[in-house]
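Residue numbers (my numbering), protein chains in the order written: chain A, 1 to 523; chain B, 1001 to 1041.
Quick caveat, the hints were computed from the structure, so don't treat them as lab data. Honestly, I wouldn't trust all of these hints.
[Said to hold, decoys possible] Listed below are the simulated DSS-like cross-link pairs for lysine-lysine, each with C-alpha atoms no more than 27 Å apart in a straight line:
1) A:Lys286 / A:Lys523
2) A:Lys72 / A:Lys523
3) A:Lys72 / A:Lys275
4) A:Lys286 / B:Lys1035
5) A:Lys517 / A:Lys285
6) A:Lys260 / A:Lys517
7) A:Lys275 / B:Lys1041
8) B:Lys1041 / A:Lys347
9) B:Lys1041 / A:Lys285
10) A:Lys72 / A:Lys286
11) A:Lys369 / B:Lys1041
12) A:Lys72 / A:Lys285
13) A:Lys342 / A:Lys102
14) A:Lys275 / A:Lys369
15) A:Lys101 / A:Lys369
[What the hints assert, rightly or not] Chain B is faced by these chain A residues, among others (derived, beta-carbon under 7 Å):
16) Met283
17) Val481
18) Val501
19) Arg503
Here a beta-carbon is modelled for each residue, glycine too, at the ideal position from N, C-alpha and C.
As a plain string of letters, each chain reads:
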Amino acid sequence: MAGRWVDCIAARGAGERSGGHEINVGTPGLAGYNLPQPVRSEPLQIRNFIDGQFVEPVGGKYIDNIEPATGKPYSQVADSDSRDVDLAVGAAEAAFADWSKKTTAERSDILLRIADLIERDLEKFARAESIDTGKPLSLARSLDIPRAVANFRFFATAILHTESEAHITDGVAFNYTLRQPRGIAGLISPWNLPLYLLSWKIAPAIACGNTAIAKPSELTPMTAFLLCEICAEAGLPNGVLNIVHGTGPNVGAAITAHPKISTISFTGGTVTGRKVAETCAPMFKKVSLELGGKNPNIIFADADLDAAIAGSVRSSFANQGQVCLCGSRVFVERPVYQDFVKRFVEKASQLKVGDPLDEKTDQGAIVSKTQLDKVKFYVDLAQQEGGVTALGGSAPKSINERCQSGYFFPPTVITDLPVSCRVNREEIFGPVITITPFDSEEEVIGYANDTDYGLASSVWTQNLNRAHRVAERIHTGTVWVNCWLVRDLRVPFGGMKASGVGREGGDEALRFFTEPKNVCIAK
Amino acid sequence: MKNLAERCACRAVAPDTPKRDEVGLAKAGFFTEPKNVCIAK
């Protein structure tokens, strides 16, 4: 399987390109950012994409799509329900026969064209993602959209290099394994990395010959909408990819419960993941759940402290801490604890909280008012639990006139909390981390594993033996040693315990989206 | 020309050699938890 891709959040980006799509209809005050200007008086309506056509939701209802940086609606998204999912299933079912019989080379060509077209429109996608999520434009440009391109390219080429097994039963039979597409896949993705994670599911699902019904988060539907235009332009046959917008209770639940959708890939919160599992289990659906995390970030005294601090600031606050892989629990070996806290706070305080469309912004807006309130709740709770706020802790002053009603919260560092407190056990999903000292390897491994979650961890040490020892004993699906968010798309990605079931990436994804069948031929 | 099941008796000589079924199950991944360890260069 070809290709190695590394997500690099720190990188700033590609050159400017013109936009051209009316994504900011209804958003005042954006002219200074060289965005495309409104072409209609009414807000843009993000419709469903079913059988290759943009269609109104059956119920005719829409919900406002809020720009987090301003707190104001700038478009509307279809508020679909089970009737729309039924239509999408019909289209996906009809498309499956032809799509699943296409050669891998034909499917690969189309996916490669999709990748090329997203890359052609990278700036438009990046601006749309930034406006929709509140993340810095520089981040969307350097991370989110390039990764979406990479996802399509990776799986487009992966399917050209697959192999399967043959087993020879002595003197009796010859067995070989067919891996066939499963049918219709239901793909549900979250708001923090919208196109990045949606394409991480769509690409392997359709590359393997399945058809798909995808539901992006209703909070961040815009780049999925733009992707539909790209898919049509790339020549993806009608009905292979259908996108139904709406809420989890209305659309997500209808997808997971639909009897003709046999495969469910869900990324999101653990509470919702549990509901997905409850629905799918008695229907014997194949399910992949990528859920939350409360990830430990461990710094030993022998670490390269400069690298550990720089890496930890990234792993703490990237995308305003709204990455399931963020290291929200920082553990520092006591001899370097005070020095680490001082220098970490200094570096984190230099992160510029600002308008996401400002090129100098490091920290944009929190995705929604609800999420902002959750962040504030946990910061207050940290005070009640005895924590000391070493940095941040309250909403910043007005960013600028455009963003005066936006959902901003600064990088916040809490110390002096017990490991067992709620703030150290529950997922916050925001720019809030705790720092806790430890005295021994044994102790910190206990701290790291003392959580319901098991998604990812980071270990900073120059001692190779210790790195291997600790990596083996930590209960997380990914262990990064002296790095964070280095992603090779071939490796298994996913979590243990309440962080999920199954793995994505590379062969894991290709196996998930296919059904193995053993053919046994007598000798 | 012994079949595989008969040759599994060689475990007595090489006790660390997994039986065929063990190899198959491990490959299927059901009874194992994949953990990716990524070490920066």
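Verification of the supplied hints:
no.: 1; hint: A:Lys286 / A:Lys523; result: 34 Å, violated
no.: 2; hint: A:Lys72 / A:Lys523; result: 70 Å, violated
no.: 3; hint: A:Lys72 / A:Lys275; result: 31 Å, violated
no.: 4; hint: A:Lys286 / B:Lys1035; result: 21 Å, holds
no.: 5; hint: A:Lys517 / A:Lys285; result: 17 Å, holds
no.: 6; hint: A:Lys260 / A:Lys517; result: 20 Å, holds
no.: 7; hint: A:Lys275 / B:Lys1041; result: 41 Å, violated
no.: 8; hint: B:Lys1041 / A:Lys347; result: 24 Å, holds
no.: 9; hint: B:Lys1041 / A:Lys285; result: 40 Å, violated
no.: 10; hint: A:Lys72 / A:Lys286; result: 39 Å, violated
no.: 11; hint: A:Lys369 / B:Lys1041; result: 40 Å, violated
no.: 12; hint: A:Lys72 / A:Lys285; result: 39 Å, violated
no.: 13; hint: A:Lys342 / A:Lys102; result: 59 Å, violated
no.: 14; hint: A:Lys275 / A:Lys369; result: 24 Å, holds
no.: 15; hint: A:Lys101 / A:Lys369; result: 46 Å, violated
no.: 16; hint: Met283; result: 20 Å, violated
no.: 17; hint: Val481; result: 4 Å, holds
no.: 18; hint: Val501; result: 11 Å, violated
no.: 19; hint: Arg503; result: 6 Å, holds
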